[in-house]
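Based on these hints, arrange chain B on the given structure of chain G.
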Amino acid sequence: MKAALRGLRLAACLGALISLSCYPSVGEQEPGDRYADVADSAASRPDDEAKRRGATRKRSDQFSDILLTTQHGEQVRFYDDLVKDKVVVINLMYTTCSKICPGTAANLVKMHRVFGERMGRDISILSLSIDPEFDTPERLKAYWEAFGSKSGWLYLTGDYDEIDRLRHDLGVYDLDPIIDADKTEHSGILTFGNDRTNRWAALPALMHAEQMAESIARLTWDDAWSSHATPTQIADAPEPSRGQGVLRGVDAEKGEVVIEHEDIPEFMMAMTMSFEVADRSMLEGLSPGQAVDFSVEHSQGRYRILGIDPRGR
Amino acid sequence: MSFTRRSFMTAAGAAALLGARRAGAMGSRAGMSRAAAASGTQTKSGLMFGYTPFTQDLFIPEIATSLAPGTLSPTPAAIAARGPIAPSHSPGTHFDDVAHGIAPEFGLCDDWNKYGYGTHVQEFELINEETTHRFFPGGPDVPIFSYRDPSAGGPGTGTTPGPTFVLDYRAPVVLRNSNALTRDRSGTNSTHHDHETSIHLHGTHGPAHSDGYPSFYTLAGESRDYFYPNIAPREADYDTGLAPATYGEFDEAWIPTTLWYHDHAMDVTGFNVSRGLAGFYLVWSEKEHQLADMGVIPGVGDLDAFGNPLDFGLALQDQRFNADGTIHYDFLDHNGRLGDVFTVNGVAQPRHKVQRRKYRLRFLNASNARVYEIRLSNRQKMTIVGTDSWLLPHGIEVESFQLVSGQRHDVIIDFRDAPDEVYIENLMYHEDGRGGSGIREDKRTQLLKFEVSGSNSSEPRCEEGTVIRGFHGIDPGGQFSFHDEDEVLETRSFVFKRNNGAFTVNGRLFNPRRADAVPPLGVGAERWIFENHSGGWWHPIHTHLEGFQIKKVNGKPPRRERQFNSDTVELQGHETVETIMKFRTFSGPFVFHCHNIEHEDMRMMGTHDPTPVPGSSDADAIDGSPPMDGETRIDPAVSGVVPDCHELEEEERLYYDVAGDSERLEGRGVGFPECEFDVKRRGNRGRSSTK
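For the protein sequence lines, the chains are G and B, in the order given. Our numbering puts the first residue of the first sequence at 575, with every later residue one more than the last. Our numbering puts the first residue of the second sequence at 16, with every later residue one more than the last.
Bound conformation, chain G alone (with noise of 0.2 Å):
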């Protein structure tokens, strides 16, 4: 079984993701003169007011401070509440993204095993919905709660305008308008940082949880952190989640079934998915209609089924 897993690559599941195609035309960014020579600028002077503002500032003064409300229906500021002197992680999701959206949480899970009793006091994830009139409080609890109910980890939603202009100060766009407009675009990578030392970046979301928790730590690290001497719990190898459906489709070609299923807890919610093969022998005996169990797992953004079986057997 792990030399047939070995062939598999990730390119198998981003390979299906939309890719970019058109030269960005122009989008919001500033006039281009602003790259211009400056050499005509000998009269400038110093801003003043700026100066007089004094040391550099964070990075973090560019983001929105906006009303948002949490899974748990609590109205909160994103900076002065949730930013603000604090260690964040933050990602873009909405409920009905069936691809990246589940994948990136199932990433975070694991990411969230790394920290253990540090998420929520050392540092917390911040997931923002940029659907967020579908995305009521209610809907985020769900889903929430689908990915385990984990500690130190808000779904935010809030008015359309506002959370789009944050997506911006929060440099998650894409110069390109029809890329820009396309929610996935948004919801594959993880801007991350400590407002206490304003240190902050932002790296893919699917990449791998282990490492990317390495670097979350290293960038963030400061005496905060180094106040809290708790170990951190290390991941036991994640047990393959468990799920039950019925068989829509299968692609013996492929390697490839397709599963409408019920919510797998901690992993996913219900929804009809197309999902690989570890082994293609798994697909011998079935067709489209039967119950089944399955088992599956997340694995540097791909999700795999390890054992498929007609319930009842």
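Hints were generated in silico from the structure; no laboratory data involved. The reader is advised that the hints may include incorrect statements.
Said to hold, decoys possible - Just so you have them, the derived chain B footprint on chain G, three or more residues with Cβ under 8 Å: (1) 753-764; (2) 777-783.
Unchecked claim - Some but not every residue of chain B turned toward chain G, in silico, with C-beta under 8 Å: (3) 207; (4) 514; (5) 516.
Every residue gets a Cβ at the ideal spot worked out from N, C-alpha and C, and that includes glycine.
For chain B alone, kept in the frame of chain G given last:
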């Protein structure tokens, strides 16, 4: 080992992250965009420091101080002895020459250098530290990161660019890099947190542990020794009975010349480089000295009537500033950092006096994202004698040339018929950081002013066709040669894309513990095809360990001067570039990546891990062997984690369970940092920060 040094403070004093405060606590800026409040400094950089361009002299970095072997204390061997490379892992005593181990290949060759067996002939030292720097005449002194040569000056005397290394071909050296960018050095690190660094010697052919692999850090407060053999790649020699590539002739088509060193630390390279961590590294071979003796190029140490060198580097970097004069860096700009102030060697639009004679200018694009198209204001032709790290076979005259991030052009400019004022101009326009937007005469920018004086020299010209390599009749060696396409054993395509906001190579996200290509070491050649499928984004692609020869750009030959050796190639939107590469001498891991550093920090990288092919003593045996892509023979990155140290058990568990990998890594002597690594002790409070 006890954990006593750890602080077991209660959590009471620490900020609870969430839940402590809720709605209602907000007041001040309710509903107001904090961005609006902050917008002032984001748009006015450069315009607010009124200054007169071309009134400040060009800065030319000092030559790095060469120390005799044995000067560094503790000696590199001593560090190695107390480091994680246990004696049992060291195949020979001379492996202790450098901390963190030396690639085993060294043990099999007794002719690494012309000076003696298993040694290095010079030592150097750099300290990474914050200092202040003045970009504008009369402007504020602002904090930068610098590489300081401690033999040349005390704390605060570091410069950007750092000292220029001038070294001999095949003369191995050890560089000790000490990272003083620690958070507890109040007053000398205004960022108040630790910065890990990793020096990459861009264009070098050297062992993986000294290549600046992104996670082979020099941690804040720690030192790390880098071993630079300064060699050309060695051809495989199958007659020795040894594994391929352990012995053989040096491929003199790849004798290095113009290299540069810069930071390459994972996720933070853009910040570190934009703050000044870069410098020149020049290697001279006998044949290049002969070229100088013939008067074709200026020689080492040659000065003009002003006492200035005739051969110097020009690091082009665009900068952007906050209102208080500090360097602006947007951690969350993933398009690519653009500045609105053009600096050369760390000075905004400087001037420089020259005579009416030849100068050798080593142009370097040290910008994070900006592309330059360089021309002289009087439109006189320039003679390119080298691209990236290597000399061309003959001079190529051009009116302008393009430089993408990381590229170098080694250029002879002959001012003998020049007017009194000549400017270096940049014609490439940028609308944003994703790539160049085309040549725009109306937007051209003057970067540097030459004030030309004196009468015309009568020295030999260096012009179109002037032989640079393999001067027939004088020395038959040193000829340029192309890789033989018949030697290609494998063709690999690398597709650079952006998926859901993240950059991918062949659909995969970078993983430092996975090799994306495992070429057989020292056997044949490979065709590497770089494809840009990311819309209008430009991606300058850089390969470590070896350069490549560009065969085709979109099916056509590349620009004339780029048809020889390169280590970085621009990949404009929708372009496909076909190259021939060899992988010789050193096993991996190495990275290849986009040199738009914001893209690189978003992990637009892959790992190649050239690996000896077991049991092959003959090239034919390689043919037909299964492709090795994706098979990670060695998991490359151990991000500063040393499982052997008891005190680190906790952190080890936090990050990786690498027990299985570490043994193999140690056996190969790759990339281990010092045993004292401690992620929680990153600032190393209580320890002296250097040595």
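Looking back at the numbered hints, which does the structure fail to meet, lowest number first? As far as the earlier hints go, not one is violated by this structure.
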